[in-house]
Amino acid sequence: MSVDREDIRKRIGRLRNVPTLPDVFGKIIPLMESPNARAQDIASIISSDQALSAKILRVVNSAFYGFPRRISNITHALIILGFDVVRGLILSTAVFDMMKTGGLHGLWKHSLGCAAAAGVIARKTNSPNPDEVSTSALLHDIGKVVIRIELPDESTLIDQVVEEKQISTYDAEEEILGFNHTTVGDWLCQEWHLPAKLAEPIMHHHNPHLSKSALVPTATVNFADSLTRGIGFGSGGDDLVPQIDPEAWAALDIGDSLLEEIIKETYYKLEEADDFLYGQSVEI
Amino acid sequence: MKDVTLERARAGMKLARPVTNKRGIILYGVGAVLTADIIARLSEMGVDQITVDGNPPGTADDEESLSLQINKLNARFRYVEGDPLMGKMKHLILKQLKERA
Numbered sequence: 001m002s003v004d005r006e007d008i009r010k011r012i013g014r015l016r017n018v019p020t021l022p023d024v025f026g027k028i029i030p031l032m033e034s035p036n037a038r039a040q041d042i043a044s045i046i047s048s049d050q051a052l053s054a055k056i057l058r059v060v061n062s063a064f065y066g067f068p069r070r071i072s073n074i075t076h077a078l079i080i081l082g083f084d085v086v087r088g089l090i091l092s093t094a095v096f097d098m099m100k101t102g103g104l105h106g107l108w109k110h111s112l113g114c115a116a117a118a119g120v121i122a123r124k125t126n127s128p129n130p131d132e133v134s135t136s137a138l139l140h141d142i143g144k145v146v147i148r149i150e151l152p153d154e155s156t157l158i159d160q161v162v163e164e165k166q167i168s169t170y171d172a173e174e175e176i177l178g179f180n181h182t183t184v185g186d187w188l189c190q191e192w193h194l195p196a197k198l199a200e201p202i203m204h205h206h207n208p209h210l211s212k213s214a215l216v217p218t219a220t221v222n223f224a225d226s227l228t229r230g231i232g233f234g235s236g237g238d239d240l241v242p243q244i245d246p247e248a249w250a251a252l253d254i255g256d257s258l259l260e261e262i263i264k265e266t267y268y269k270l271e272e273a274d275d276f277l278y279g280q281s282v283e284i
Numbered sequence: 001m002k003d004v005t006l007e008r009a010r011a012g013m014k015l016a017r018p019v020t021n022k023r024g025i026i027l028y029g030v031g032a033v034l035t036a037d038i039i040a041r042l043s044e045m046g047v048d049q050i051t052v053d054g055n056p057p058g059t060a061d062d063e064e065s066l067s068l069q070i071n072k073l074n075a076r077f078r079y080v081e082g083d084p085l086m087g088k089m090k091h092l093i094l095k096q097l098k099e100r101a
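As you go down the protein sequences, you meet chains A and B in turn.
Counting in this note's numbering, the first sequence runs from 1 upward without gaps.
Counting in this note's numbering, the second sequence runs from 1 upward without gaps.
Only chain A is shown next, with the shape it has when bound in the complex (with noise of 0.2 Å):
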């Protein structure tokens, strides 16, 4: 089967306009943009939709970020976290809505999981920003979310190669489309002007080595992934743990007794995080 890589280009670039990317987003774009933007204009463009407002603040005061205080409204996440992160949360919320459509909660809570490692990782390797890396972790398998969905008889295939092959879906989307699911999540990033520290930990994160200017962020998210998936922890489409990029590894600089340090308590983190995804209410 070929497909037109342009073809799938150019749809991915009407994702823009889908009904679960949230009106706000298009609208506190150029605010964030611009240098003189404030908190407070944003928080009220972001508050008027209560639905969105509420599964930020869910997300941000849930095990996957552990804040020691709770964070109440949006102005104080903004403050906080920073405006990429909220606009990188507010992106997830849109994405778990597409997951929810393509039936890919595995997918869900392998991307939480992944966030949780990171901040984790990024935390114990004094990262000056692990919410931001924490967040481009939630994003990193975005390019699979819309394979899926943009190309369900694709998606067919390639579950099918990983069975009979054994091999990882990257491999797989390899095989099957010509290109996988980090080129997507380029195209995406692309489309929605997300910075390069948030986007190159999800174009690369196979590849951190070819990170141009976000090495470490990207060696964090390429560990995180591998990890989450060592951990078993959700599904990233097939059961394999990936190499970690030895390039990459070596930036992290982590010793053994750190390593073992980032383990225990990413497990620790991922119990807690299990109670977040399978309590009272599952969606978010």
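Worth double-checking, as some hints may not be accurate.
[What the hints assert, rightly or not] Below, in silico cross-link-like pairs of lysine-lysine (DSBU-like), each with a Cα-Cα straight-line distance of 35 Å or less:
no., chain 1, residue 1, chain 2, residue 2
1, A, Lys269, B, Lys90
2, B, Lys98, B, Lys72
3, B, Lys88, A, Lys269
4, A, Lys269, B, Lys2
5, A, Lys264, B, Lys14
6, A, Lys165, B, Lys72
7, A, Lys197, A, Lys264
8, A, Lys264, B, Lys90
9, A, Lys165, B, Lys98
10, B, Lys88, A, Lys212
11, A, Lys264, B, Lys2
12, B, Lys72, A, Lys264
13, A, Lys124, B, Lys72
14, B, Lys72, A, Lys269
15, B, Lys98, A, Lys269
16, B, Lys98, A, Lys124
17, A, Lys124, B, Lys95
18, B, Lys95, A, Lys269
19, B, Lys88, A, Lys197
20, B, Lys95, A, Lys264
21, A, Lys165, B, Lys2
22, B, Lys88, A, Lys264
23, A, Lys212, A, Lys264
24, A, Lys264, B, Lys98
25, A, Lys197, B, Lys90
26, A, Lys212, B, Lys90
27, B, Lys88, B, Lys98
28, B, Lys90, A, Lys165
29, A, Lys165, B, Lys95
30, B, Lys88, A, Lys165
31, A, Lys10, A, Lys27
32, A, Lys124, B, Lys90
33, A, Lys124, B, Lys2
34, B, Lys88, A, Lys124
35, A, Lys269, B, Lys14
36, B, Lys95, A, Lys197
Just so you know, these hints were derived from the structure itself, not from any lab.
Once you've looked at the hints, dock chain B against the given chain A.
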């Protein structure tokens, strides 16, 4: 809630976690009550463990559930465990699994 192997699943047990296929698509949701037909279908699909409400008698003991978890861990690392870093990671995950069992 308790993890039980499919051999020990019985009609009437209620799912505490959804059963998903490898891609994460939900086959049976939380609260679904197992029937003989559903158990047979899960078996055909290769599902080997489910999570049910409460602590039904006659379900897998912890040791069994741990050995299943270790088998799955081995399967996940099957292509990469020869690499020193990945081998170390697997070993540390195994340590956590055992400590929490």
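Hint-by-hint comparison with the structure:
{"no.": "1", "hint": "A/Lys269 - B/Lys90", "verdict": "holds, 18 Å"}
{"no.": "2", "hint": "B/Lys98 - B/Lys72", "verdict": "holds, 14 Å"}
{"no.": "3", "hint": "B/Lys88 - A/Lys269", "verdict": "holds, 20 Å"}
{"no.": "4", "hint": "A/Lys269 - B/Lys2", "verdict": "holds, 20 Å"}
{"no.": "5", "hint": "A/Lys264 - B/Lys14", "verdict": "holds, 31 Å"}
{"no.": "6", "hint": "A/Lys165 - B/Lys72", "verdict": "holds, 18 Å"}
{"no.": "7", "hint": "A/Lys197 - A/Lys264", "verdict": "holds, 27 Å"}
{"no.": "8", "hint": "A/Lys264 - B/Lys90", "verdict": "holds, 12 Å"}
{"no.": "9", "hint": "A/Lys165 - B/Lys98", "verdict": "holds, 31 Å"}
{"no.": "10", "hint": "B/Lys88 - A/Lys212", "verdict": "holds, 29 Å"}
{"no.": "11", "hint": "A/Lys264 - B/Lys2", "verdict": "holds, 22 Å"}
{"no.": "12", "hint": "B/Lys72 - A/Lys264", "verdict": "holds, 19 Å"}
{"no.": "13", "hint": "A/Lys124 - B/Lys72", "verdict": "holds, 28 Å"}
{"no.": "14", "hint": "B/Lys72 - A/Lys269", "verdict": "holds, 21 Å"}
{"no.": "15", "hint": "B/Lys98 - A/Lys269", "verdict": "holds, 17 Å"}
{"no.": "16", "hint": "B/Lys98 - A/Lys124", "verdict": "holds, 24 Å"}
{"no.": "17", "hint": "A/Lys124 - B/Lys95", "verdict": "holds, 20 Å"}
{"no.": "18", "hint": "B/Lys95 - A/Lys269", "verdict": "holds, 16 Å"}
{"no.": "19", "hint": "B/Lys88 - A/Lys197", "verdict": "holds, 29 Å"}
{"no.": "20", "hint": "B/Lys95 - A/Lys264", "verdict": "holds, 9 Å"}
{"no.": "21", "hint": "A/Lys165 - B/Lys2", "verdict": "holds, 33 Å"}
{"no.": "22", "hint": "B/Lys88 - A/Lys264", "verdict": "holds, 13 Å"}
{"no.": "23", "hint": "A/Lys212 - A/Lys264", "verdict": "holds, 31 Å"}
{"no.": "24", "hint": "A/Lys264 - B/Lys98", "verdict": "holds, 12 Å"}
{"no.": "25", "hint": "A/Lys197 - B/Lys90", "verdict": "holds, 29 Å"}
{"no.": "26", "hint": "A/Lys212 - B/Lys90", "verdict": "holds, 30 Å"}
{"no.": "27", "hint": "B/Lys88 - B/Lys98", "verdict": "holds, 15 Å"}
{"no.": "28", "hint": "B/Lys90 - A/Lys165", "verdict": "holds, 23 Å"}
{"no.": "29", "hint": "A/Lys165 - B/Lys95", "verdict": "holds, 30 Å"}
{"no.": "30", "hint": "B/Lys88 - A/Lys165", "verdict": "holds, 26 Å"}
{"no.": "31", "hint": "A/Lys10 - A/Lys27", "verdict": "holds, 23 Å"}
{"no.": "32", "hint": "A/Lys124 - B/Lys90", "verdict": "holds, 20 Å"}
{"no.": "33", "hint": "A/Lys124 - B/Lys2", "verdict": "holds, 33 Å"}
{"no.": "34", "hint": "B/Lys88 - A/Lys124", "verdict": "holds, 18 Å"}
{"no.": "35", "hint": "A/Lys269 - B/Lys14", "verdict": "holds, 26 Å"}
{"no.": "36", "hint": "B/Lys95 - A/Lys197", "verdict": "holds, 34 Å"}
In summary, the structure agrees with every hint in the numbered list given earlier.
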